[in-house]
Amino acid sequence: MNEQDKHIVPTKTFVSVWIVLLMLTAVTVTVAKADLGAFSTFTAIMIASIKAGFVLWYFMHLKYEKRLLKLLLLVPIITLAVIIGLTFVDVWYR
Amino acid sequence: MKSSFYNTPGKHSGLLAWVLSTDHKRIGLLYLSCMTVFFLTGMTLGLLMRLELIAPGRTLMAASTYNALFTLHGVIMIFLFIIPGIPAALGNFMLPLQIGAQDVSFPRLNLLSWWFYITGAAVAITSLFTGGGAPDTGWTFYVPYSIRTGTNVSLAVFGVFLMGISSTLTGLNFVTTIHRLRAPGMSWFRMPLFVWSIYATGWVQLLATPVIAITLLMLMAERFFGVGFFDPAKGGDPILFEHLFWIYSHPAVYIMILPAMGAVSEIIPVFARRTIFGYKAIAFSSLGIALFGYLVWGHHMFTSGMSDEARMIFSLLTFLVAVPSGIKVFNWVASMYKGSIRLDTPFLYVMAFIFLFSIGGLTGLVQGALATNVHVHGTYFIVAHFHYVMFGGTAFAFFASLHYWFPKMSGRMYHEGRARVAALVLFVGFNTLYFPMFILGWQGMPRRYYDYLPQYQTGHVIATIGSWVLATGILLMVYNLLRSLKDGEKAGDNPWGGTTLEWKTTSPPPAENFEKIPEVTTGPYNYK
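Chains as they are written, first to last, in our numbering: chain A, 11 to 104; chain B, 947 to 1474.
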């Protein structure tokens, strides 16, 4: 992002994202107590990914970046998702 | 040798002019000289191991020494020689030349990478003489043994961690260089295939190496703080380590082999005087190998207690990765068809590469099939397969490109007669050493064992004799190249009649590679 096109993000946005993150943390804790069996880790990872997405999108200003950068970020994320997915084929069916 | 990069004055002189240089050619040669030393060290360790195994029982050393030796042989050959191997040494030297650039994108980062590499090497070597002594886990550092052993695993692992940083930064540098610094007119499909392979390798280095860094840090946390990632008593999972380790280490074998395949794709058109057959197929199969290479790590763990579903999926994916490798082999052979072939040393090594790599690759499929894998897992069959692809494949391609680019790097020609004899001795020694291992493994000889039953002795004796022949070939090759540095004939700028850009500048090249940045108007292999 250039110095010229700095975006002024209203404090309200930051606060609401923060609240959403707190709520998701609460969901993680609640879900961890419920016995979801094989899905417990999967659920935890999904919630954590959504939270990381919020942080990237708003706090780290990914929202205002060029499309190329957004696409480039997808490369490691997809790699990681595939790697974790294949590992889970083992863990789930063991 | 006037106005080459060897005699261009810089800020420093003497040794400092090398270890503080940001010139990609000097850095490439730094890697090359360090790697030669490490390779010869690793080779000596291998010779000692083979000598120990010439007869059952104790011959030369204690069992614990043997365990340390095979660990050390693996760590040195894998992390210090073959992973940096072609990309860091020859890639550094040739990549900017081949794309018509003055240097890599980040020359200082390039120098930093070398410093990380050499520091990592120093740390790994220090681990042998300090703490509880040389690590005895094998180069894979499998838990739980690597956590429980009293030997100096922590320091060795830290050394490997540093070398991982070096590898990642090199990959980043090369990917950026290929994107940003190509000469005018050099479109993606006018790039030499070596550059394509370095590009695919760069992405693998960039995306896979952080995984081993994390894994090794987890191992340290386990050793120092007993965190319990891998300890079932604390809710951990020892197979998790194998997953994490191979998530990096399988793509890593493609870091080793892809640039070798690229070098072979360079040499064949020049010595067959034919344009390469299936340029795009070879370029895309490099990317295909890099992509599929991520998805097959589970085939190292078929007998580790993974789920059946996972084993079937990984077995299927393993078969798929053979497809792009096959595409390459067929294209290379097709490129020679109706060519006017010159049987110079680089081409001899390339022929050996295709032959040995094919044996290595096909025996890989034996292990990729679930049923046969259970039979050969953890035997000498694996050792034979691995040496056929990595030594017969990568190292032979490395020797080929070393001879091919020797006149460009040094400005002199090596002695052709001696070089051919060395290539022949190497080829004979290699097969005598490693082929019996296939049979030994099929008969059930387990790898990494210090002792064996008498029925395996014949195979072991043949292999040990082969190791002497192989070492003779290597020493002859190294002697020939070193001596030719001093009294080889002067080579012209383009002794082979190559058509890629590195042959369009002087030998050795000037400090910034080209008098004038070349304009590219045609594809790389402009023969017929």
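Honestly, the hints are just simulated from the structure, not real lab data. Ideal placement from N, C-alpha and C gives every residue a C-beta, glycine not left out. Any given hint could be a false lead.
Just a few of them, taken from the derived set where beta-carbon distance is under 8 Å, the chain A residues facing chain B [as the list claims (entries may be wrong)]:
no. : residue
1   : 82
2   : 86
3   : 97
Cross-check of the supplied hints:
| no. | hint | verdict |
| --- | --- | --- |
| 1 | 82 | violated, 11 Å |
| 2 | 86 | holds, 6 Å |
| 3 | 97 | holds, 5 Å |
Checked against the numbered hints above, the structure violates only hint 1.
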